[in-house]
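> Chains A and B, in that order, are what the protein sequence lines are. At position 136 of the first sequence the residue is numbered 136 (the working numbering), and the sequence of numbers has no breaks. Just add 1000 to wherever you are in the second sequence, counting from 1, and you've got the working numbering.
Honestly, the hints are just simulated from the structure, not real lab data. All values reported here derive from a predicted model rather than from experimental measurement. Treat the hints with care, as some may be off.
[As the list claims (entries may be wrong)] Pulled from the structure, derived: some chain B residues nowhere near chain A, Cβ distances all over 12 Å:
no.: 1; residue: ASP1121
no.: 2; residue: VAL1137
no.: 3; residue: PHE1185
no.: 4; residue: GLY1215
no.: 5; residue: ILE1228
no.: 6; residue: ARG1393
[Unchecked claim] List time: in silico DSSO-like cross-link candidates among lysine-lysine, alpha-carbon distance up to 30 Å:
no.: 7; chain 1: B; residue 1: LYS1139; chain 2: A; residue 2: LYS73
no.: 8; chain 1: B; residue 1: LYS1411; chain 2: A; residue 2: LYS73
no.: 9; chain 1: B; residue 1: LYS1255; chain 2: B; residue 2: LYS1301
no.: 10; chain 1: B; residue 1: LYS1255; chain 2: A; residue 2: LYS73
no.: 11; chain 1: B; residue 1: LYS1342; chain 2: A; residue 2: LYS73
no.: 12; chain 1: A; residue 1: LYS73; chain 2: B; residue 2: LYS1374
no.: 13; chain 1: A; residue 1: LYS73; chain 2: B; residue 2: LYS1261
no.: 14; chain 1: A; residue 1: LYS73; chain 2: B; residue 2: LYS1158
no.: 15; chain 1: B; residue 1: LYS1503; chain 2: B; residue 2: LYS1261
no.: 16; chain 1: A; residue 1: LYS73; chain 2: B; residue 2: LYS1442
no.: 17; chain 1: B; residue 1: LYS1248; chain 2: B; residue 2: LYS1374
no.: 18; chain 1: B; residue 1: LYS1332; chain 2: A; residue 2: LYS73
no.: 19; chain 1: B; residue 1: LYS1332; chain 2: B; residue 2: LYS1342
Backbone N, C-alpha and C define an ideal beta-carbon position, used for all residues, glycine too.
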Amino acid sequence: MEYLKASEVKRPISENDRNIRRISMWKYIANRLVMVLIVIAGVTLVSFFAMYLAPGDPAELIALERYGQDLDKSQIESVREAEGLDAPVYFQYFIWLDHLLHLDLGRSIITSDDVLEEILLKLPATIELTVAGLLISLLIALPIGVLSAFQKNILLDNCCAFFSLIGISIPNFWLGILLIWLFSLTLHIFPSYGYGSLSHLALPALTLGISMSSITARLTRASLMEVMEKEYILAARARGFDEYTVVLRHALKNALLPVVTFAGMQLGYLLGGAVIVETIFSWPGIGKLLVDSIFARDFSMVQGCVLFIAVLFSLSSLAVDILYAVLDPRIRYDMYE
Amino acid sequence: MDRNFKPILLTCMLLAVIGASACISGENDETAKGDSFVENSQDLIVGISSDVNNWYLDKFADGDARFVWSQVYETLVRLDSNLNIIPGLAESWETPDNGTTWIFHLRKNVTFHDGTPFNADSVVFSYSDKSYVRQAVLKPIKSIEALDNYTVKFVLQKPMPLPFYLTHVAWPIMGPGCLDKAGNFIKPVGTGPFKFESQKKDQEIVLIRNDAYWGNKSLLNKVSFKIIPDPSTQVMAFENGELDMIIKVPEYDVKRLEAKKSIQVQKKLSTFTDFLQFNCDKTPFNDTKVRQSVAYAIDTKALVNDILNGVGKPAEGRPYSPNMMYSEPDLKTYSQDLDKSKALLKEAGWEDSNRDGILEKDGSPLNCTLLVSKGAWAARHTLMAQVAQEDLRKIGMNVEIQVLDEGAISKLEGMGNFGMILRTGYFVWGPYPKHFFIHHSKSPYSHYHNETYDQLVDAADSTIDPQKQKELYYALQNFVIKEVPAFYLVHEEKVVATGPSVKGFVITAEDPWLDLSGVYLERK
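Excised from the complex, chain B in its bound form:
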């Protein structure tokens, strides 16, 4: 070997050794079980699947960020564990003119995490023009004004049940201390039971107890959110005692975890419902009878029992979960009836003229596509789509499933190049049935155009009188059942699993379903 190259080779080898030893020297060797086995610790470790990318009101808190936000920030109006509306940072509210003006009376003696007092100015700050909620959801707000230190007036362009809207954790009250003098975001400052401590990107977020909290102080000292995107890894880390709690247990793991004595699994019907949205602009789903026939063909009970291991409730076409407001108890829903389904298709002119098992009309076979997202929030959807495909095959419909990412779905959707899309939620938070906007002609996701429907949705959302609102929402539910702009499959159940040390946790129906008040740890 050339002598001159020996030093180079030696350097390379040395670098490799340094690189390897860097891995070792950076070691801060913990036990395999991590912090969770420290005696008498009140430090809770929670597994979540995505990091908090944004802490400020100019952007939406997406994914699991809402679980973390709900510990740091609070809203003016809150929901209890059964989704009843209760006071939050506002003690009471009134509307002097039937919904166009709303006056909120704020809680006194509340301070932000940086010690600044919570008052009317911070509410005006949180709902300023710069907040995305003003730009995206609460566009009808004309002005927000501080009447005095603890009274705020919202003036709207049209009557609206504003308190329901203000329960969403993604548009909470933030302290002015979030910004520096130049107006740049520096740190999250809220009024919640926990204060922001640190964040290691894509690894961990640490919150510590807010000792100056106005309500019941947390029994925990610290909450660490560990970010583990892979659901299987998350469940295994939990079973291994590295996590005290996981808040999105996959349906297929529920029974196994329930069988373990040391693990507590809590389930609660959520406000989310999975649905098959039709492209009502194109054949074959521009015909109501075809949509109804799909509703009669799919067995949603079997979906829940066979595919989701009994987690969730069959929706049978009901547009939203029974725990939502104004849910009609006597709604006439669908159950599988293949004869009816076939008869409806026949009425619509579809017949199997060439006896290949697939129906035809005017020479074209009954083919359609079903788009399914492969996102982390809807791992169950691919299996559900396959069951729907099988059921529809029985009535002579040939469904091609396309599992795509959100971007691809939005592209095909924009081009109108699809038959059905399997979705969940959309405009869903708390118990308020805002979801009906999805089939409104003005929604970018709507593929259904019906003036009567639009008018009903607009009227329901601008009515304050609960009795009238109830009638309108009952009418809307019946409308969806009859016209089937989408067929609603499964009301989702949220599943939270807690380890042997966690005591006092009660799951709520609210999204995000992580109320840590009353939670403490008993380490063994």
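The shape of chain A in the complex, shown without the other chains:
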């Protein structure tokens, strides 16, 4: 990424500068949107063919779902014909794509529910969990990161490093069960599963938040330590600001830039990747829907979920890039011109 010189930053921004900046910003967004479309097109291709390359005869699995184990071979063939599974795969792909352009993701082959409706029904739960997880992770990570940056090489810093290591190493499913054991079974504070209230949200959000916060904390620490070496911090100190003002007003704001990027990337990861947490806590989100659909071999639902997650991921990373630029005026968009 290209930066302006420090002297240029200090120059007062004219109305002309602002207009140029605004235009290049929109151009940048348009470019990124085109990239998003390309990514999504790629995702449709991969998700569709990956499901067909995966082992298992879809016709047999649908027949099993409909008729139980009392199957014979003619039933499998009749399902294959009825569901259009006897057509060549590329032909099936184009039919799916055509429906997709009309915002029709098809129907679940297991439950016959509309795929798009089903996904939209699960979306609020996933967003709730993601936002809460992200907030918790930042609430844990920022103070720890700041503290450990200033307590370099002493006990507290080591403790923070240890916490980060543990946080990275513990798998979500284990942490989730540990939290259920502690907060539900032992302390009786939160329910162990379910959806619908803040107390239900607490444990899954904590599981997600804790596992994410460890990396964010290390990143905050590293970034803050780097910023504290900069000349403008020295200048701020020289002007007589107390250490509190120097850190919170001058250093932290700049140090947060990589943290914002990372949190944004995590947001995308969380939207699609909270799968295990959703399964452990019976949280009715998209992640759980995806896992259930994979196990049930519900091809249309899996394709719909993967596509939806890809779209969310792409859009959230676009949003982060924009936010990043808003936070840091030194970033130029004209590099895309």
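Given the structure of chain A, go ahead and fit chain B onto it with the hints provided.
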């Protein structure tokens, strides 16, 4: 910062705050222990692991759906808690021509949940051509006819013991009120002790008492089925008092729960048996002696005692559970005998010529694969497969375990690319030994082709005379023991745990093993 972007940033932040507060405002804060601690409530909360994806007769009720179906819908013929056949919605039945025609006399004064009367037309409706049971299981049915309001005649293409087939809860009697005028499914309408109230997808199904029930009305007001797929979470929620009852306790949790005074654990031998199915079309299992040698090598007693914590019964090759019909008490089963096992392999021409511990024949080592499903219904299978692998290693067989999902297994199975598959159940419901069809050449799961066996299975299923049927099923059991198309490992025990408030529950051997009649709650 550019002034124009400040509003955008502020909006983003605002949205984040709204998003977070939405989580809070949607709050309907309950205590951590949920509804289950409401005083004097007769609202039972049961944990299940999968939702009901289908409520109508055109599809199979898979997974745990059957537990819910069995409260809402009823069958013409039922099973008591020891699997004896008893009247259900049909009071009696007869076959005037030795099994080709069956006449059922229906119970009078029974109404569906929507108030419409139960009669012969609803039986014809439930077994119409559109029902999957006609398409999948009861294909030999030629016609179903209402002789009068309370008499139904089934005509079959061949003699069959039809009443046994009609006990399965996945093909019960449904009311015509299930459909709207255009023929689309709208809601479940049955005759059972509970009525459908609501369903929150993948979260909860609520049933309420049917006050117009023809039999003994339930003592419970409401049953909520909570859907919790993860077995550990389910057990913890139960221990925390959020659930009154869990109906599939994992084997490894049984002892721990049994040790708690407030928890009642009930076990009952089920009709399911875990088995190692051989690919009899390919070497090495196309040789009966090799299959017999596997049967002598695996210690099924150790499997039950060491791996399943004593939950289940060692099958020792017995093809189905002793509580099934016509189970031969004197069946000569297998027990571990490594010398015999090795001798059989030697007879079959397998020898360790290069002294590496693995036998060889014509230069090829005795290698094979064992496919294991990782589905929720068979969590114990991976461990069982490892024990079998160890036992087989002792006789010089090298087994590679592949833990796969059902789809992958069906693919490898279709290609014939496997040695053994570890399975459970298959064509099992009630006490009727339909399971023998799995080794019939016509079954898509069969990897065994033997005309004598096929003839025996066909004859047994088209015989009505109990004495003759018994002889044929005895012969089939002995056939499986001798020919070993599969080696039967463990007869599964179902385990249900109930919390301190639940009184009057008795586990049944029937699948699904959830009879709630007589159950009530005493909240403390």
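> Against each hint, give a clear statement of whether it holds in the structure.
Hint by hint, here is what the structure shows:
1. ASP1121: holds, 25 Å
2. VAL1137: violated, 4 Å
3. PHE1185: Per Cβ check, PHE1185(B) is inside 12 Å of chain A; nearest 10 Å; violated.
4. GLY1215: The claim holds: GLY1215(B) sits with its nearest Cβ about 27 Å from chain A, beyond 12 Å.
5. ILE1228: At roughly 5 Å from the nearest Cβ of chain A, ILE1228(B) sits no farther out than 12 Å, so the non-interface label is violated.
6. ARG1393: holds, 27 Å
7. LYS1139(B) / LYS73(A): Roughly 14 Å between the alpha carbons, so the hint for LYS1139(B) and LYS73(A) holds.
8. LYS1411(B) / LYS73(A): holds, 14 Å
9. LYS1255(B) / LYS1301(B): It holds: about 18 Å lies between the C-alpha atoms, which stays within 30 Å.
10. LYS1255(B) / LYS73(A): With Cα atoms ~43 Å apart, LYS1255(B) and LYS73(A) exceed 30 Å; violated.
11. LYS1342(B) / LYS73(A): It is violated: about 38 Å lies between the C-alpha atoms, which goes past 30 Å.
12. LYS73(A) / LYS1374(B): holds, 25 Å
13. LYS73(A) / LYS1261(B): violated, 51 Å
14. LYS73(A) / LYS1158(B): Holds - the C-alpha atoms of LYS1158(B) and LYS73(A) are around 21 Å apart, at most 30 Å.
15. LYS1503(B) / LYS1261(B): holds, 14 Å
16. LYS73(A) / LYS1442(B): OK: LYS73(A) and LYS1442(B) at ~9 Å, within 30 Å.
17. LYS1248(B) / LYS1374(B): holds, 16 Å
18. LYS1332(B) / LYS73(A): violated, 35 Å
19. LYS1332(B) / LYS1342(B): holds, 20 Å
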